[in-house]
Structure formats: structure tokens, C-alpha cells
Amino acid sequence: MLARPERFFEDRFGLTPSTMERLLGSTLARRVDHADLYLEYRVSEELMLEEGAVKKAARHVSQGAGVRAQSGERTGYAHTDDLSLPNLEEAARQARAIADQAGTSGIVAVGRHGTPHDLYTLAEPPIAADLGRKIKLLGEIDALARSLDPRVRQVIASLGSEDVIVLIATPEGWTVGDVRPLTRLNVTAIVEDNGKREIGSYGGGGRVAFDFFLEEGRWRHFTSEAVRQAVVKLGAVDAPAGSLTVVLGPGWPGILLHEAVGHGLEGDFNRKRTSAFSGRVGEKVASELVTVIDDGTIQNRRGSLNVDDEGMPTARNVLIENGILRGYMQDRLNARLMGLPPTGNGRRESFAHPPMPRMTNTFMLAGQDDPGDIIRSVPRGLYAVNFGGGQVDITSGKFVFSASEAYLIEDGRITSAVKGATLIGNGPEALTRVARVGHDLQLDEGVGTCGKDGQSVPVGVGLPTIRIDGMTVGGTQV
Amino acid sequence: MIDLLTDVLDQAKRRGATAADAFVVEDQAFSAQVRLGQVDTVKHAREQHVALRVFVGHAVASASTSDLSRESLDRLVNEAVSLARITAPDDLAGLPEPSEWAGVVPDLQLSDPRGHELLPEEKIELARRGEAAALATDPRITNSEGGEFSDRHAQYTYANSGGFAGSYETSSFSLAVSPVASQNGDMQRDSWYHVTRKRERLDSPEEIGRIAAERAVRRLGARRVSTVEAPVIFDPDMAASLVRHIAGAVSGPSLYRGASFLVGKLGAKIAAAGITIVDDGTRPGALGSRPFDGEGLPVKRTVIVDEGVLSSYVLDTYSGRKLGLPSTHHAARDGSGVSVSTTNLYLAAGETKPADMIKSVKSGLYVTELIGFGVNGVTGDYSRGAVGIWIENGELTYPVEELTVAGNLLQMWNAVEAVGDDLVFRDRTSSPTLLIGRMVIAGS
Numbered sequence: 001m002l003a004r005p006e007r008f009f010e011d012r013f014g015l016t017p018s019t020m021e022r023l024l025g026s027t028l029a030r031r032v033d034h035a036d037l038y039l040e041y042r043v044s045e046e047l048m049l050e051e052g053a054v055k056k057a058a059r060h061v062s063q064g065a066g067v068r069a070q071s072g073e074r075t076g077y078a079h080t081d082d083l084s085l086p087n088l089e090e091a092a093r094q095a096r097a098i099a100d101q102a103g104t105s106g107i108v109a110v111g112r113h114g115t116p117h118d119l120y121t122l123a124e125p126p127i128a129a130d131l132g133r134k135i136k137l138l139g140e141i142d143a144l145a146r147s148l149d150p151r152v153r154q155v156i157a158s159l160g161s162e163d164v165i166v167l168i169a170t171p172e173g174w175t176v177g178d179v180r181p182l183t184r185l186n187v188t189a190i191v192e193d194n195g196k197r198e199i200g201s202y203g204g205g206g207r208v209a210f211d212f213f214l215e216e217g218r219w220r221h222f223t224s225e226a227v228r229q230a231v232v233k234l235g236a237v238d239a240p241a242g243s244l245t246v247v248l249g250p251g252w253p254g255i256l257l258h259e260a261v262g263h264g265l266e267g268d269f270n271r272k273r274t275s276a277f278s279g280r281v282g283e284k285v286a287s288e289l290v291t292v293i294d295d296g297t298i299q300n301r302r303g304s305l306n307v308d309d310e311g312m313p314t315a316r317n318v319l320i321e322n323g324i325l326r327g328y329m330q331d332r333l334n335a336r337l338m339g340l341p342p343t344g345n346g347r348r349e350s351f352a353h354p355p356m357p358r359m360t361n362t363f364m365l366a367g368q369d370d371p372g373d374i375i376r377s378v379p380r381g382l383y384a385v386n387f388g389g390g391q392v393d394i395t396s397g398k399f400v401f402s403a404s405e406a407y408l409i410e411d412g413r414i415t416s417a418v419k420g421a422t423l424i425g426n427g428p429e430a431l432t433r434v435a436r437v438g439h440d441l442q443l444d445e446g447v448g449t450c451g452k453d454g455q456s457v458p459v460g461v462g463l464p465t466i467r468i469d470g471m472t473v474g475g476t477q478v
Numbered sequence: 001m002i003d004l005l006t007d008v009l010d011q012a013k014r015r016g017a018t019a020a021d022a023f024v025v026e027d028q029a030f031s032a033q034v035r036l037g038q039v040d041t042v043k044h045a046r047e048q049h050v051a052l053r054v055f056v057g058h059a060v061a062s063a064s065t066s067d068l069s070r071e072s073l074d075r076l077v078n079e080a081v082s083l084a085r086i087t088a089p090d091d092l093a094g095l096p097e098p099s100e101w102a103g104v105v106p107d108l109q110l111s112d113p114r115g116h117e118l119l120p121e122e123k124i125e126l127a128r129r130g131e132a133a134a135l136a137t138d139p140r141i142t143n144s145e146g147g148e149f150s151d152r153h154a155q156y157t158y159a160n161s162g163g164f165a166g167s168y169e170t171s172s173f174s175l176a177v178s179p180v181a182s183q184n185g186d187m188q189r190d191s192w193y194h195v196t197r198k199r200e201r202l203d204s205p206e207e208i209g210r211i212a213a214e215r216a217v218r219r220l221g222a223r224r225v226s227t228v229e230a231p232v233i234f235d236p237d238m239a240a241s242l243v244r245h246i247a248g249a250v251s252g253p254s255l256y257r258g259a260s261f262l263v264g265k266l267g268a269k270i271a272a273a274g275i276t277i278v279d280d281g282t283r284p285g286a287l288g289s290r291p292f293d294g295e296g297l298p299v300k301r302t303v304i305v306d307e308g309v310l311s312s313y314v315l316d317t318y319s320g321r322k323l324g325l326p327s328t329h330h331a332a333r334d335g336s337g338v339s340v341s342t343t344n345l346y347l348a349a350g351e352t353k354p355a356d357m358i359k360s361v362k363s364g365l366y367v368t369e370l371i372g373f374g375v376n377g378v379t380g381d382y383s384r385g386a387v388g389i390w391i392e393n394g395e396l397t398y399p400v401e402e403l404t405v406a407g408n409l410l411q412m413w414n415a416v417e418a419v420g421d422d423l424v425f426r427d428r429t430s431s432p433t434l435l436i437g438r439m440v441i442a443g444s
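Those protein sequence lines, which keep their order, are chains A and B. Mapping the first sequence onto the numbering used here, position 242 (from 1) lands on 242, and the numbers just tick up by one. Mapping the second sequence onto the numbering used here, position 383 (from 1) lands on 383, and the numbers just tick up by one.
Source of the hints: derived by calculation from the structure; they are not laboratory data. All values reported here derive from a predicted model rather than from experimental measurement. We put the CB at the ideal spot given by N, CA and C, even for glycine. Just to be clear, a hint being listed does not mean it is correct.
Residues from chain B shown here face chain A by an in silico Cβ test under 8 Å; the list is partial [unchecked claim]:
1) Met1
2) Ile2
3) Glu47
4) Thr65
5) Thr227
6) Gly335
7) Asp381
8) Arg438
9) Ala442
Keeping only pairs whose Cα atoms sit at most 30 Å apart, straight-line, the calculated DSSO-like set for lysine-lysine is [what the hints assert, rightly or not]:
10) Lys322(B) x Lys353(B)
11) Lys362(B) x Lys269(B)
12) Lys322(B) x Lys136(A)
13) Lys265(B) x Lys56(A)
14) Lys353(B) x Lys196(A)
15) Lys300(B) x Lys196(A)
16) Lys362(B) x Lys322(B)
17) Lys353(B) x Lys269(B)
18) Lys13(B) x Lys56(A)
19) Lys198(B) x Lys452(A)
20) Lys322(B) x Lys13(B)
21) Lys322(B) x Lys56(A)
22) Lys284(A) x Lys56(A)
Just a sample of chain B residues kept apart from chain A, beta carbon distances all over 12 Å, derived [unchecked claim]:
23) His153
24) Arg201
25) Ala247
Kindly produce the complete structure, drawing on both the sequences and the hints.
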């Protein structure tokens, strides 16, 4: 649908790479350590079915530019949704105002830009797919969910699609563009039995075409999982309270890594020395069974990017290797100030936000153990397979993530389903208690959104089955 | 902007819409963050967007754009109307009745144009003073995530195809300070903020910085506690989070979908007798006030929980019709259509002094921060990470962390044993201190 980003902004707004470079050059050059101009055009669409009918359909267009100037540790950022040249010049002037006091930092030359990846070229981006087909799919999801169990009272199915075109210019004389498709299908089922209600949700997606949902029975899987989870929860007993051995299932429970170590390894907190992991590169922060990777280069994944939002190609970065902390995730500012190379993790929610170090797809490498053996190795514990959100206090290292589907393990066997409960731990310590790692690494289905400092970005997580010896489970059964 | 909206609505009707409404938000924002005395990030922003909802018969669709050019607005109308042709008709969809529309749009004193006149350097100075005060409060404040001043000036304009049109302006000013304390290898952050609609009412940077520092320092040396069932006191900000859970459960869309633990509870006792929860969008100068809601209906004061009894839901026109009730004038707009939101929501003050509340607890938890998303809105099951101060023999003793508090919201609200006399309208949702007789605290 949309060709090269350079052509797009030229045709629509008369902004060519050379105009952009001139703008940065004339307004910002030589006065600052770094400056960039980020153009963005975003089209998104939402469809929602409830009570058996598609009642909500919405389409949004947003466009704008962000201009950034950095001098030493200072960042000036101005954004505007008016892409006319005079307006961009005014934004650049405002961004520069802050950086006007001469920069004092030691500049680390950013020499390697590399080549952008090609991770999600699609014959037809999801937003361009026929609306009739999308609406038909939502209707089929509703019918399937209701046919799976008579206790299903409500089905909410939503399909979101977007296409984001970005063009990034830096005064180093290069301009890089990216066209980023993204889609997500989500199914929620509410079940009722004898006046008791429960809810189950499941979904997936990625930087993929609409047909992704029709392939390999994915929409059926999402639907049946939502219903199954809701029904399981109807019969759940109170969750235990206190310290327990916890087995996490593969895939989405990888949110553990995102909260326990991921945020704490973002460069900004470490440059400021406000992270519980500050100054700990080379130290043991996890069991030797644990290797954690952040990889923005996986084909078609929700958290992947051809280039980050500062124009750097994304990379596969080893965060923790056999238990040893290897490095942080960086954007250009924090890399420069720490004297380290950028890692392709500079991301932003939109043109309205300055970039900062963020995760892409964060996962633990597979180990040797059979998942069944891991469960059999636990005399009493919790087996948690699905989670809602999580959160972390970067400075103290304390993190939580909330199980939405979990079971008791008794004498090595999975027994009763338990109600949702929050698990809490200490980031630098929790992974030292990983005692078993399964051979069944899975990435999540493609639903994650990470919030930091008011900015949301799509991310992925992944995990094999693992056993953690001692986590606090926030149930109500003392 | 009313003219622009009127044009858009006229055009929607020409393209086949039977009714429509639209709004524009124009926004100017500035923020300055100072860290360790140096300017860290300064942001300027200008934004605007227009959102349109159209009805074609009883089918509805929405579209929004940040490009207000004529071509773009033409596209907006076309997209909304063509989307409405593919959505399912719903007999209850439609604009509110004209008799319900706001008459005179009251001036709720939500704007402070002169407050925005400060120079960027002066705004930076406010942020710097806030952080400096935190750093000077205690030698254990050794680092900082910074001090940040921000202000925002916005204009909201709404019109519908029946002829209602209204507009209002808002201002907001905020100052936040986030210091980091450390001692013996233990590192703790906390923060304090103040936000107002009139700049002159903003607390002094020195006071905000000092409170932020005291909050960070009091977390140093935090311990864990053993798993126990005990009384829990929620400080005012944390108690306000419990009030927000009630607001979520009484919102029309949650109720008609059956996704709320308060389905069918209108008129029933859902909380202890001392609990009264009010939403009042008419408070002059308050953060949550607005002269009319997202469908042009006048805001009012709504008692949601009256002495423990659920007395009103929170509804827009559509969710009201679904439930057979009138709108409570709580429609909120985003680009995707209409949702509901509260305005100034608060738990009415009780009579207990917080100090007496603490004295009444032999052994229990005083909660100062909650993290995570462990709340099931359908069942009311509640389990969140907590930070706080342990109470022994009626005294706040030592800080605690890495623990959870769990229960069920319905049981928790019924187990409230005391409501503080310390209600302050600090934010859109406010509460006094709250004592819940028994919750499960999980720790080591």
C-alpha cells in the first residue's frame, strides 16, 4: 500500500531527506552533540465485537514530527503535528534553545550504523485487508466461543491494525526510513455458572498480514483458550499466601524477565545509577542455567524493528550469559554518556515522545530439562501458566507479575486451579533461584505492551518452563 | 473551532449520516526536567486532533485525525460514514435527547491563561528548586531521578448534529520530585507531586521536594515480614486506588457486559456503613471538573455509594439505555467513540484521626505504595505488591517491602473499620486514610 518512506513524506508533505538534513544542519549543526528529526505517519483501525455484533469501528490518522537536540546530558525535544517546513524550523529552534549552552560531554563517535533489517515486508499490510473479511472473522469467533461452552455469556473480540511510516534524519548525513505494520487479535470470554462469573482472555499477533490469524487455526486457538481459561477459573480455589516453589510455564510467563531484569538493565537507569543493577556488569546476577537475550531482529515479531527510533539497526543483545550480567540496553544518549556502543534499543511511542532505552523481544534461552520432569520435581508449589501485567521498582529491584491462570503442584502432580495471585520478588536475586530450565522455549503470541514514563511500545517476551525455588505468592490462603 | 466542527457535521449528513457528533482538542504543553541540578530534558508540544462519530440509522462508527486540512477532514468524514455502513445496527445507539443537553455552559474556572506566561527559564527554575530541596533535606538523599515542572493548556470543543455546541479551556500545572535515598548498600526511590489548575495554588517546590525526600528516606532499611492475616491501613493516595476500583466496577460498559463484581448490586449494601463515595464534576477549579460531558450533557454531583449502599452507576447514554437507566452524564471521548469516566471522585471524610487509626492497630501494615495489576474486576479478587511501614503496638515502626496484600474488593469494602478525617482533593480521585480490618499479607 505504501511505498518507500522517503517518497511518502516527499509526496505528501514535500519533505525530502535533503530538506530534513538541511533543516538539522542549518538549525542545529555544530552546536550540539546529537540532533535528529523524526517524521511519523500512522494509520490505525480498531474493530470490536460484543454481544454478537461488531458495534465499534474506528479509524485514526496521526502525523507529526519530533525534533531533538542533545548537548551533554541535556535533551531538548519539540514535537508538532504540523509537518510544514516553517513549523518544523520553529520546532527545531525550540529544541535547540535548551542545548544552546555549549556541550561539554566527551563524544563517542557513533561509527557503525549498519544496514536496516528487512523483518516484516508484507504483500498486504493488515490495515489494508478487506474489512468484510475482518468482520466475518470476528463473527466466527463469537459463534465458536458460544459453541464451546454453554456457560459463555459474553464474547468480546477485537482486532486492531496499524501501519506506521517513519523517517529519521541525523546531522551525520544519513536518513533512514521504516514501514511498520502491526496487528493484534484479542478474544475475551465471560462465563457464568450459578451466579458466579469469570473472565478469560487470549490473543496474539505481530508484524504480520491479516491471514496470520487464519493460518494454523490461530483464531480458533485464541478463542478456545479464552473460553478454557474462564471456565478453569470458575472452579479455582483460593491461592496460597507465602513463599513457595514456583514453576512457570513457557511463553508469556517470560514477563518475569521483562520485570525482574529487563527494565533494570535499560541504559538510562544505569547511567544515572538508579537501578538495582547499576555497576554490576560482569557480576553473577542469576543461576548459571540462565541466559537472557533481547533480540529486536526476529522475523515478524511484535517487538521487532528494522531500525530503532533513532535509526540504529536493532540487534540481538546478550543481557545475561550463564548467570553473568553482560550488558545494558542503550539508546544513543545513554550509550554516548556511558562510553558504550548503542544497542538498537532507542524507542519511542510516537513523534510526541523522545526516545529512551526500551526492550524489544526479551527471552531466556532453553535449557536441558523435560518440562514434565520439572513439575514432578516439586513436592509442593505453584504452576503458573498465564499472566496479566507486571511492574517493577527499578531502584529497589522489587517486581510483581500477576498470574491469571495457576495451579497447585502437590507431590509432583498438578492438582487444583487457584485464583489469580500476584507474585513478588527482588530482581537481582530472583533469577539466582532458578533451579531447572526446560528445553521448551516459546515466545509469546504477540500481545505485549510495555509502559515506561508514560510511553507505550509493543514488545515480546519468551521463556522455557522454569523452576524458581522460593517466590512470594500473594494469595489469601494462609 | 465550532465552525470547523459544524462543517464536518454538515458534510457527514450530506454523505448519509443520520446524526453525528464531533470534538476537537487543541493542546499546548511544556515540561522541564532537571536532574542533579542540571537541565535534563525540556519538551515543547503543540497538538490537535478532531474525532468524529457518525450514526447511519442505528449503526455507528468513529474516525479521528490530527490533520485538520480540508482534504484530511473530507477523508475523515468518508471513512467514518463508510465504516458505519459495515457495523451492525443497534437500536439503542444514538445521540442523547435534546432536552438533556447542557444549557448555559458554566465557567468552572478550569483555566489560568496567565499562569502559562512564565518563561522557560522560570519553569526550569521551579523544577530545580524542587529537586534541590529534596537533595538538601537529608544526607541520605544521594541521587535523583529529577524534578519536573510541566504545564498544559488545552481547549475542548464539542458539537453535535442536533445543534448543541460548546467549548471550554483547561490549564494544568504540576511539579514532581523523585529523589533516591541510599544507606549501607540499600537504595530506595520515592516521589511527591502536586498538580493544580491555577499556578499560584501549586505547593512550593521546597515543600514538594522535602516531602519526596522524607518518603524516600523512610523506606531505607526495609525488611520483609512473615505471611500473616492482619489489619491494613491505606494512606490517602493508596485508599484512592481502592475508590478507583469501585468506579471501574460501576461503569456502564463493565456492567452491561457482565464484567463487574457489582452487576445487579444497585440498591444493595456493598460496603461498610461509613462509606460514602461521591463523584462531583461541578467543583470550581478542580482537576476532574468539566462543564459538560463527552455527549454535551451537563455535569453534576452523583452519589455512587451512600452509607454503604450502591446508589448509582456511572453511565453514558448508550450504556444507560443498555441498563434501562438514564445517563449519569459521565460520557468521555477518545478517538474511538464514547466511554465513561468519573470527574472528581472521592470517598467522603470520616471522623477518625489517622494517628488514632494507627494507635488502634496492635500489629498490622500501613501501605504507602501498591504495584502491579492483580485486580480481577469480574470477581473483585485483589492481590497487589505493597510497600509500607509495619505497625507494632499502635506505632509506625520499620519500613517493609516485597510483600503482597490480598483479599476481595467486596469483602474489603465491607471490612472497613475506620475512615480518616483527612480528605484532601489532591487529584481526580481522592480519599482519606482507610483502615481495613483484615487482609492477607504474604511475605517470607
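Evaluation of the provided hints:
1. Met1: violated, 15 Å
2. Ile2: violated, 21 Å
3. Glu47: This interface hint holds because 5 Å falls under the 8 Å limit.
4. Thr65: Since chain A brings a Cβ to about 4 Å from Thr65(B), closer than 8 Å, the hint holds.
5. Thr227: holds, 4 Å
6. Gly335: holds, 5 Å
7. Asp381: holds, 5 Å
8. Arg438: violated, 10 Å
9. Ala442: holds, 4 Å
10. Lys322(B) x Lys353(B): violated, 43 Å
11. Lys362(B) x Lys269(B): The given pair, whose Cα atoms are some 29 Å apart, holds under the 30 Å limit.
12. Lys322(B) x Lys136(A): The hint holds at about 25 Å.
13. Lys265(B) x Lys56(A): holds, 28 Å
14. Lys353(B) x Lys196(A): violated, 39 Å
15. Lys300(B) x Lys196(A): Violated - the C-alpha atoms of Lys196(A) and Lys300(B) are around 34 Å apart, more than 30 Å.
16. Lys362(B) x Lys322(B): violated, 48 Å
17. Lys353(B) x Lys269(B): holds, 25 Å
18. Lys13(B) x Lys56(A): Holds, because 20 Å separates the two Cα atoms, which is no more than 30 Å.
19. Lys198(B) x Lys452(A): holds, 28 Å
20. Lys322(B) x Lys13(B): holds, 26 Å
21. Lys322(B) x Lys56(A): The given pair, whose Cα atoms are some 15 Å apart, holds under the 30 Å limit.
22. Lys284(A) x Lys56(A): The given pair, whose Cα atoms are some 51 Å apart, is violated under the 30 Å limit.
23. His153: At about 15 Å from chain A, His153(B) clears the 12 Å cut-off, so the statement holds.
24. Arg201: Fine: 24 Å to the nearest Cβ keeps Arg201(B) off the interface.
25. Ala247: Ala247(B) is indeed farther than 12 Å from all Cβ atoms of chain A, at 18 Å.
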